[in-house]
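**Q** Sequences and hints are given; from them, build the entire structure.
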Amino acid sequence: MLHIEFVTDLGATVTVDVESADKLLDVQRQYGRLGWTSGAVPGGGYQFPLDNESDFDWSLIGARKWTNPEGEDMVIHRGLAYRRRELEAVDSRKMKLPAAVKYSRGARGTDPEHVREKADGEFEYVTLAIFRGGKRQDRYATPGGGRAPQQAARPAAPRPQPVAARPAPVAVVEDETPF
Amino acid sequence: MLHIEFVTDLGATVTVDVESADKLLDVQRQYGRLGWTSGAVPGGGYQFPLDNESDFDWSLIGARKWTNPEGEDMVIHRGLAYRRRELEAVDSRKMKLPAAVKYSRGARGTDPEHVREKADGEFEYVTLAIFRGGKRQDRYATPGGGRAPQQAARPAAPRPQPVAARPAPVAVVEDETPF
Amino acid sequence: MLHIEFVTDLGATVTVDVESADKLLDVQRQYGRLGWTSGAVPGGGYQFPLDNESDFDWSLIGARKWTNPEGEDMVIHRGLAYRRRELEAVDSRKMKLPAAVKYSRGARGTDPEHVREKADGEFEYVTLAIFRGGKRQDRYATPGGGRAPQQAARPAAPRPQPVAARPAPVAVVEDETPF
Amino acid sequence: MLHIEFVTDLGATVTVDVESADKLLDVQRQYGRLGWTSGAVPGGGYQFPLDNESDFDWSLIGARKWTNPEGEDMVIHRGLAYRRRELEAVDSRKMKLPAAVKYSRGARGTDPEHVREKADGEFEYVTLAIFRGGKRQDRYATPGGGRAPQQAARPAAPRPQPVAARPAPVAVVEDETPF
Amino acid sequence: MLHIEFVTDLGATVTVDVESADKLLDVQRQYGRLGWTSGAVPGGGYQFPLDNESDFDWSLIGARKWTNPEGEDMVIHRGLAYRRRELEAVDSRKMKLPAAVKYSRGARGTDPEHVREKADGEFEYVTLAIFRGGKRQDRYATPGGGRAPQQAARPAAPRPQPVAARPAPVAVVEDETPF
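Chains as they are written, first to last, in the working numbering: chain A, 277 to 455; chain B, 277 to 455; chain C, 277 to 455; chain D, 277 to 455; chain E, 277 to 455.
Read the hints as simulated data drawn from the structure, not as lab findings.
Everything numeric in this text was worked out from a predicted model, so none of it was measured.
Keep in mind that the hints are not guaranteed to be accurate.
[Said to hold, decoys possible] Ranges between beta-carbon positions, derived for each pair:
1. A/Leu363 with E/Arg305: 31 to 37 angstroms
2. E/Glu398 with C/Asp298: 19 to 25 angstroms
3. E/Glu400 with D/Gly397: 20 to 26 angstroms
4. B/Arg305 with E/Glu348: 21 to 27 angstroms
[Said to hold, decoys possible] When the alpha-carbon atoms are kept at most 20 angstroms apart in a straight line, the in silico PhoX-like pairs for lysine-lysine are as follows:
5. B/Lys341 with B/Lys299
6. A/Lys341 with B/Lys341
7. C/Lys341 with D/Lys411
8. C/Lys341 with C/Lys372
9. D/Lys341 with E/Lys411
10. B/Lys341 with C/Lys411
11. E/Lys372 with E/Lys341
12. E/Lys378 with E/Lys411
13. D/Lys378 with D/Lys341
14. A/Lys372 with A/Lys411
15. D/Lys411 with D/Lys378
16. E/Lys341 with E/Lys378
17. E/Lys341 with A/Lys411
18. B/Lys378 with B/Lys411
19. A/Lys411 with A/Lys378
[Unchecked claim] Cβ-to-Cβ under 10 angstroms is the rule here; a few derived chain C residues that face chain B:
20. Leu278
21. Leu301
22. Gly315
23. Gly320
24. Gly321
25. Gln323
26. Leu326
Beta carbons are placed, not taken as given, at the ideal position from N, Cα and C, and that holds for glycine.
**A** Pasting the structure below:
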């Protein structure tokens with residue numbers, strides 16, 4: 277038996293029992309569609325493979341897609357809108373970074389210090405998620421989503437239990453450090 | 277089975293078992309009437325649709341309405357009084373915000389930094405809730421409340437389980453960010 | 277079934293199962309007598325009605341009365357002594373506050389910032405509890421305590437389940453805010 | 277049924293079910309011998325009666341005695357060594373403090389602000405435990421420890437359930453405050 | 277029954293039931309292979325015996341080995357890469373430290389203050405783990421790992437329950453303090 281802790285759309289702390297590990301993502305999708313979230317957004321935002329961006333199931337993290345009145349692609353997470361932004365690959369002598377898609381918003385006065393990132397000037401922003409490098413994870417995709425799922429080509433097989441699989445590596449943040 | 281974590285009126289941390297997801301709001305109302313709260317007030321306050329303001333069930337967040345000796349509308353939450361204040365719509369070139377109702381109080385010395393918002397001068401305040409935009413959620417209403425509930429016109433139907441419904445969007449806070 | 281989380285006298289985090297909501301205060305008394313506490317002291321201290329001060333059951337919050345060698349009334353909470361102090365009513369043009377009894381101590385170097393309150397000069401203190409205004413809550417009284425309990429006059433009646441009762445209002449902290 | 281939350285020697289958060297309150301200290305000893313700890317060290321350190329120092333069971337807080345290569349008495353707690361130090365009684369006009377034994381170490385760069393205490397100059401230190409005043413608690417002693425246990429003289433009796441006993445007072449920290 | 281709390285690879289807070297204490301490390305390995313972690317990295321990093329470094333099972337803390345494009349030995353933990361670095365023994369008059377292997381990375385803007393360590397100049401870094409001194413713990417080894425396990429020479433024996441064994445001491449951090 278597993279137990280997953282959520283913050284509900286009303287801000288309450290609620291734990292839900294889950295029968296087995298292979299049901300966990302289903303439960304996250306089910307409650308995530310209601311805007312329930314589990315755990316804090318990691319500092320610097322969630323990291324996902326770039327190839328998951330097109331059909332990512334935002335309900336997995338309690339978020340949902342939204343098009344703002346200007347027709348821009350946004351994602352809503354806990355009542356706040358994050359804007360989609362494509363980052364080109366960087367290939368300089370100092371830094372080598374593959375292309376990425378980032379969802380971020382301007383910082384608010386009530387954001388805690390450790391989630392704020394500095395941009396140019398005094399501008400500060402907060403990242404919800406960054407999709408960069410890595411190998412596509414089919415289990416992150418929207419079920420029956422807009423993109424033809426890769427598993428369509430696979431022969432029918434029992435769904436693997438998450439505990440049996442090794443997670444595909446996502447892009448690794450590696451700093452050049454002297455130690 | 278679900279489990280909701282409360283802080284009681286005596287400040288104790290108590291978890292209550294809840295049989296199923298569709299009983300959750302009932303349990304929040306039942307204990308919220310005693311002043312029990314679950315989870316922290318989100319930074320910047322709870323966000324609810326404006327159309328829920330007239331008959332909002334404050335017990336859902338462990339609060340209750342109160343009229344102060346001067347006859348003003350207040351809400352009590354964890355022993356502190358928040359004043360009701362109507363905000364007019366803003367429609368300038370820099371900002372576009374629909375009308376709202378906000379419940380806030382002056383900051384106290386023991387309020388942590390991340391809940392304080394700046395007003396004019398050195399004044400700081402703390403917001404409990406803001407009602408703005410969005411689509412009315414009948415499930416937030418006071419049962420048999422002062423306002424004629426919209427569902428009165430609906431044919432009798434089994435109450436939907438919260439896990440099956442998609443939450444109605446509330447007004448989205450969208451910042452103009454360069455990224 | 278409920279579950280209450282304590283910090284024991286040895287500082288351990290221990291959860292105790294409680295059969296039903298009406299047994300909760302009994303469990304808090306039972307373990308509170310051992311110095312176990314549940315939840316953090318609210319910023320600014322617990323707020324209780326003034327009429328509960330004379331026979332308040334300090335075991336409810338894991339504290340106990342103590343008379344220091346000078347004969348002064350103190351309360352011990354988590355190994356620290358708080359001094360009893362009567363505050364006269366304030367009735368000026370700027371502020372109107374009923375009489376109160378406050379239990380507080382000088383701040384220590386290891387007290388976190390958000391519990392410290394400023395007094396005159398550089399002096400800082402920490403409040404455990406303040407008794408002010410409100411309506412007496414018999415359920416907060418020491419069972420068989422020094423004060424003749426008010427319920428003695430009431431006809432025998434089954435003890436109400438806490439979930440069925442509305443908490444009596446305590447004095448409300450209301451600030452004069454411009455919003 | 278009780279449940280105690282530990283941080284294991286590997287830093288994991290693990291809760292252990294405990295059948296009844298009188299088994300709790302046994303469970304703390306059993307896992308404490310592995311270096312598991314429950315709860316945070318209180319700001320300023322644990323407070324115990326001085327008469328418990330000679331045969332204190334350090335496993336109760338996940339620590340153990342250690343003699344360093346120089347032959348000094350130390351205690352290891354979460355991989356860090358605390359040095360034993362005897363403090364003489366203070367009896368001045370400003371302060372009256374009984375003799376004590378303190379276990380402390382120099383502060384490290386990664387210690388959070390609220391556990392650091394100031395010593396002379398810029399030196400900062402962190403206290404694990406202080407033994408001062410109070411009345412000996414036999415339940416804190418090492419079972420079959422180096423000191424002849426006081427209970428040897430008592431007639432055989434069923435071990436009291438901790439919930440039935442009132443904790444013996446430890447030395448109380450009392451500040452001279454103007455309120 | 278035990279219960280271990282994880283943060284999943286998706287950042288969710290999930291508790292897993294564990295039948296008995298001797299199954300705990302197996303469960304940590306099983307979920308750690310998916311990138312799930314339990315508890316926070318201790319300030320200054322995990323401390324392990326140096327003799328465990330060659331075949332340490334990184335899945336125990338939700339990490340995994342990785343060779344970067346330059347062929348360097350790294351460890352990935354929660355999506356961040358830590359570089360392996362050998363530290364020579366220090367034997368000066370001021371400090372005496374045995375040889376060690378450290379896994380660390382440069383600090384990021386969103387790292388909280390208490391995990392940052394100062395290096396030369398303004399450079400700050402974060403340590404995941406340090407292997408120094410101590411006595412090898414076979415239970416930390418990769419099962420069937422690259423190193424010939426020491427237990428191969430031992431006669432067959434039932435695996436000891438972790439609760440019965442005393443943890444082997446790791447190198448102790450001891451500061452020269454004046455108290």
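**Q** Flag every earlier hint the structure violates by its number, smallest first.
**A** Numbers 2, 4, 5, 6, 8, 11, 26, in rising order.
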